[in-house]
Structures are given as structure tokens and as C-alpha cells.
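**Student:** Here the working numbering is used: the first residue of the sequence shown is 143, the next is one more, and so on.
What the hints contain is simulated information worked out from the structure, not anything from laboratory work. Glycine included, every Cβ here is placed at the ideal spot set by N, Cα and C. One should not assume that every hint holds.
[To be verified] Derived DEER-like restraints, expressed as beta-carbon distance ranges:
id: 1; residue 1: Leu160; residue 2: Asp423; range: 35 to 41 angstroms
id: 2; residue 1: Glu249; residue 2: Gly505; range: 38 to 44 angstroms
id: 3; residue 1: Val145; residue 2: Ser521; range: 53 to 59 angstroms
id: 4; residue 1: Ser560; residue 2: Gly505; range: 29 to 35 angstroms
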Amino acid sequence: MAVAEAKRDAAEARLSALALPQGGWAGAARAEALARLRAMGLPGRRDEYWRYTDPSSLVQADAPKASLFDPKDEPMAFTGFDRVKVVFVDGVFDPAQSDDLEAAGVELLSRQTADIHWAQSLYGVLEARGQTPVQRPLAALNSAAATEGVLIRVTGRAVKPVSLIYLHKSETSDAMLHHCVKLEEGAELTLLENGPAAARFNKVLEVEVADGARFHHIRTQGRDHERRAVTHIFARLGRESLFKSFTLTANGVLTRNEAVIELTGDDAVAHVAGAAVGDGDFHHDDTVFVTHAAERCESRQVFKKVLKNGAVGVFQGKILVKPGAQKTDGYQISQSLLLDDHSQFLAKPELEIYADDVKCSHGSTSGAIDETALYYLRSRGVPLRQAQSLLVLAFLAEAIQEIEDEGLAEDIRARLESWLARHGQ
Numbered sequence: 143m144a145v146a147e148a149k150r151d152a153a154e155a156r157l158s159a160l161a162l163p164q165g166g167w168a169g170a171a172r173a174e175a176l177a178r179l180r181a182m183g184l185p186g187r188r189d190e191y192w193r194y195t196d197p198s199s200l201v202q203a204d205a206p207k208a209s210l211f212d213p214k215d216e217p218m219a220f221t222g223f224d225r226v227k228v229v230f231v232d233g234v235f236d237p238a239q240s241d242d243l244e245a246a247g248v249e250l251l252s253r254q255t256a257d258i259h260w261a262q263s264l265y266g267v268l269e270a271r272g273q274t275p276v277q278r279p280l281a282a283l284n285s286a287a288a289t290e291g292v293l294i295r296v297t298g299r300a301v302k303p304v305s306l307i308y309l310h311k312s313e314t315s316d317a318m319l320h321h322c323v324k325l326e327e328g329a330e331l332t333l334l335e336n337g338p339a340a341a342r343f344n345k346v347l348e349v350e351v352a353d354g355a356r357f358h359h360i361r362t363q364g365r366d367h368e369r370r371a372v373t374h375i376f377a378r379l380g381r382e383s384l385f386k387s388f389t390l391t392a393n394g395v396l397t398r399n400e401a402v403i404e405l406t407g408d409d410a411v412a413h414v415a416g417a418a419v420g421d422g423d424f425h426h427d428d429t430v431f432v433t434h435a436a437e438r439c440e441s442r443q444v445f446k447k448v449l450k451n452g453a454v455g456v457f458q459g460k461i462l463v464k465p466g467a468q469k470t471d472g473y474q475i476s477q478s479l480l481l482d483d484h485s486q487f488l489a490k491p492e493l494e495i496y497a498d499d500v501k502c503s504h505g506s507t508s509g510a511i512d513e514t515a516l517y518y519l520r521s522r523g524v525p526l527r528q529a530q531s532l533l534v535l536a537f538l539a540e541a542i543q544e545i546e547d548e549g550l551a552e553d554i555r556a557r558l559e560s561w562l563a564r565h566g567q
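Based on the sequences and whatever the hints tell you, model everything.
**Tutor:** Printed below as a string of C-alpha cells:
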């Protein structure tokens, strides 16, 4: 009882530091989320889903200070692609730096200018569904308190990717963004995300993928090392639909990325992947829950982490196959490459299956660079650092291959090569 009271007290302390929005088209959804949060309280280290990651800096009333990053000659991601840019500065939409939202070829609105429309039936809905069987209080906090974000509705094939750019300008910024994306039957969209966003960042992305629709999501998290972030993706897939999400993380003192995906239509496909490279004071947590609730669906979870100088990587992944979800094909792999004896990788893969005609597998490994492969490259004249970088990139390749667009995949590889060169590996 004392633990539950402490969690509720933490929630009230956090809420007291916020100016909660009132009314508006999302008012009812926000009120329901607030009630969920107050019933749950905020997480602590004694919560099973937070046993490997200390949430204290994510739940305290004030954001920890994060020094601003000097980019020097490091370019931001996706600059070479034709895209519709939507810019947020410390979590606030900046129309002056953003492109004309109508140029995306989709219905794209900022939360600040939106009125009652289709998003009223999506906002907070998938987040609420994602609270069972595991509580996710920081997502409920976001649904209750976020006032910024974008609303995207796609009825055909988007003519350009939509690129969400998150700029960090204040050392004490505390940002919350809540995005809603709805793909109608047969529609297709590529969503790009990049940038540190704020000293502390809490983001929710709700994605409804209708029958036959295709959603591609590529994001990079990096640049500011002192930032702290918790992100959530809630997705629901219809019949013969496709959902693909890839995340590159390089830097950040604390990052927790959660993905909750429901395959509710037959023959749906959901792939979620990530590549993380961390050096020193770096803690990176991927927590994924995929539910198969229809027949002949496919899911893949592919996560690779490269860690050095005491960095910590976490993976918690679960595949739930519900009764009747026959012919399920579920695959899960989490692997780490530890470049010294001080880093660690903590993994908790899970399968829960209630159907008898399925193909599900999971695996998790941790190890060092293959000395035989390193010797082979060195014996053929490849310098040590270059040889190590080549082996690291080969290790991460399976995750990067989840990106369908080869141009975007090559951009990710180039950023990884640049990071490895700067960090001496």
C-alpha cells in the first residue's frame, strides 16, 4: 500500500508542476488519461517493467538540466531528402522554420490550430488500449498534459515524407508531444523524426493503419548527450497492412523507447527495429509488446546495441499470440556487442502463446568483437580502427536492413560511420 501511495504522490507532484490544458476537442480524452494516471501513479524502480531502468529523472517534478549540443560539422539527419519539414523548438511548434503543411499531400495539422475532426476518435485511444496488460503511466501523463503535436490523416500515397524535427534550445526545457497518424485503406506514408527535442522529452505517437495501408517510420535520436527521453509508439494494424519502424540512437544519458503494436487484421505485417551505439554514461532501453490477434500475421523485433566505457543497454520484448491467431510468424532477436568489460546488456525476451499453429522464436546474445574476423581484416592491411568499425557496422546491419528505402538506409549507415569515427571505434 505504501508503494502505491508513493507512486500516486509522485504523480500529483508531477502534475502540480504542469499547466494542464482544459477543454478543446481532446478534452474528454485528456480527462480520461488523467484519471488513469492518478489511479496508477508514476513508475518506480520496484515496478517490474522498470527494474532495469531508473525512471526517477523522468518522473521528478522539474527536468534535469541538459547542456546544449554544439553540432560543429555534424549535419542533422535527412537533410538530403525532399520532405515536408515540421519543426518544434523545445516542444513548441515553430511555423517560421516549418514548411507549408499543405505541401505534404496529406491532411497535416498542428495541434494548436486543429479543431474537432477525425483525431477525436484516435487521440488517447490506442494509448488507453496499451495500458493492458502492462501499465504505462508516462504515456498516460502525456495524453493528459501534452498540448503540442501533429495530426496526420492519409487517404492515398503521400507525395513526400513528413519530417518532424525536434530542436533543443533551452538547458531546462521539459517537452511533451503527442502525435496522431491515421492511414485510411490503401494509403501510404513515410514519417521521419530527428533531433534531441529538449532536456527532458516525453512523446507519444499513435498510429492507426487501416486495411492495405503502409506506414514507414525512421527516426534518429542523438546529438545532445545529456538529454533524457521516454517515447511511446502505439499502433493498430488492419488486414494486409504494413507497419515498419526503425530507430537509431547515438547519445543520450537516458533513453527509453516503448512500442506497443496490435495486429488486429489478418495477414498484417509489423516490424520494429533499432540500432543503438553508446559510450560512457549512456543508458538505453527498448521495451516492446507485440500482440497477434488475427491469422497469418508476421512480426519482427530486431534490436542491436554497441556499448563501451560502461554504457548500459536494455531490451524487454514480448510477443503475445491470442487464441485463434493461427499461422502467426513471430521473430524476436536482441543482441549486444560489448567493446569492453565495463558495459552491460540486460535482456528479457518473452513469448506467450495461446494458439497451436504458430512459428515463433526469440533469441538474445551478448559478446565481444570477433577476434578471428578482426585478425583477418588486419592481416589484409586494414587499419585497426577501420577494421573495428567495419565489424560494428556488420553487426548492426540486420537492424538497418529493416528500412525499405535504400536511400534512407544509406543515410543511417553514414551517420553510424561518422559516430564510430568520432568515438574511436
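**Student:** Determine for every hint whether it applies to the structure shown.
**Tutor:** Against the structure, the hints:
Under the hint 35 to 41 angstroms, the C-beta atoms of Leu160 and Asp423, about 28 angstroms apart, miss the expected range. At roughly 41 angstroms, the beta-carbon separation of Glu249 and Gly505 lies within the given 38 to 44 angstroms, and the hint holds. Between Val145 and Ser521 the beta carbons are some 58 angstroms apart, a value that agrees with the proposed interval 53 to 59 angstroms. At about 30 angstroms, the CB distance of Ser560 to Gly505 agrees with the hint of 29 to 35 angstroms.
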